[in-house]
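The sequence shown begins at 874 in the working numbering and counts up by one.
Bear in mind the hints are in silico, worked out from the structure with no lab data behind them.
Check before you lean on any hint, since a few could be wrong.
[Claimed, not checked] Using C-beta positions, here's what the derived DEER-type ranges look like: (1) Phe-877 to Ser-938: 20 to 28 angstroms; (2) Asn-905 to Leu-986: 27 to 35 angstroms; (3) Ser-964 to Ala-928: 19 to 27 angstroms; (4) Asp-904 to Ser-990: 34 to 42 angstroms; (5) Leu-912 to Glu-962: 14 to 22 angstroms; (6) Ser-990 to Arg-899: 34 to 42 angstroms; (7) Leu-895 to Leu-936: 36 to 44 angstroms; (8) Pro-953 to Asn-900: 22 to 30 angstroms; (9) Ile-913 to Arg-965: 21 to 29 angstroms; (10) Ser-938 to Leu-983: 16 to 24 angstroms.
As the structure is a prediction and not an experimental result, all values here were calculated from the model.
A virtual CB, placed ideally from N, CA and C, is assigned to each residue, including glycine.
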Amino acid sequence: MAPFATYTLVGASLVVAVWAGLMAARNRPVDNPLFYGVLIVEVGLVAQLVGGTIALVRTDRALDSATFVAYLVTVVLVPPAAVLWGIAEKSRWGVGVVAFGMLTVAALCLRILDVWSGHYA
874 MAPFATYTLV GASLVVAVWA GLMAARNRPV DNPLFYGVLI VEVGLVAQLV GGTIALVRTD
934 RALDSATFVA YLVTVVLVPP AAVLWGIAEK SRWGVGVVAF GMLTVAALCL RILDVWSGHY
994 A
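All chains should be modelled from the sequences, with the hints used to inform the complete structure.
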C-alpha cells in the first residue's frame, strides 16, 4: 500500500465533499461536474482496491486480511451509492448525501491505512 496514494484519495474526496456541501448550501442538485468529480475519486478507489489486493497477496506482514479486504471493497461501493441516492433525491439533501458519502470515503481510506499498518483494534 502506498500511503501517498491513499492520502491523495483522502484529499480528493474531501475536495469533492466540500464542493457538494457548497452545492447543498446553494440548493443545487447533483450536476455533471460533481458527478465527474466523484467519478475521478471512484477510479482512484478502484485502483486502490487492485493495488491493495496485490499488496496483500505479496506481503508477509501480520494483518487482518478479512478486515482489510472488507474496507477496500466497501470504500469502492460508497461513491456510486451516494451519487445514485443524490440523483434520485431532488432536494438539497440529495447533494448532501454525496457530501456525506465523500466524507465517509475519506474516513474509510484512513482506516485502510490503519489496518495496513496493523492498527486494526
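Taking the hints in turn, this is what the structure says about them:
{"no.": "1", "hint": "Phe-877 to Ser-938: 20 to 28 angstroms", "result": "holds (23 angstroms)"}
{"no.": "2", "hint": "Asn-905 to Leu-986: 27 to 35 angstroms", "result": "holds (32 angstroms)"}
{"no.": "3", "hint": "Ser-964 to Ala-928: 19 to 27 angstroms", "result": "violated (41 angstroms)"}
{"no.": "4", "hint": "Asp-904 to Ser-990: 34 to 42 angstroms", "result": "holds (38 angstroms)"}
{"no.": "5", "hint": "Leu-912 to Glu-962: 14 to 22 angstroms", "result": "holds (19 angstroms)"}
{"no.": "6", "hint": "Ser-990 to Arg-899: 34 to 42 angstroms", "result": "holds (39 angstroms)"}
{"no.": "7", "hint": "Leu-895 to Leu-936: 36 to 44 angstroms", "result": "holds (38 angstroms)"}
{"no.": "8", "hint": "Pro-953 to Asn-900: 22 to 30 angstroms", "result": "holds (24 angstroms)"}
{"no.": "9", "hint": "Ile-913 to Arg-965: 21 to 29 angstroms", "result": "holds (23 angstroms)"}
{"no.": "10", "hint": "Ser-938 to Leu-983: 16 to 24 angstroms", "result": "holds (19 angstroms)"}
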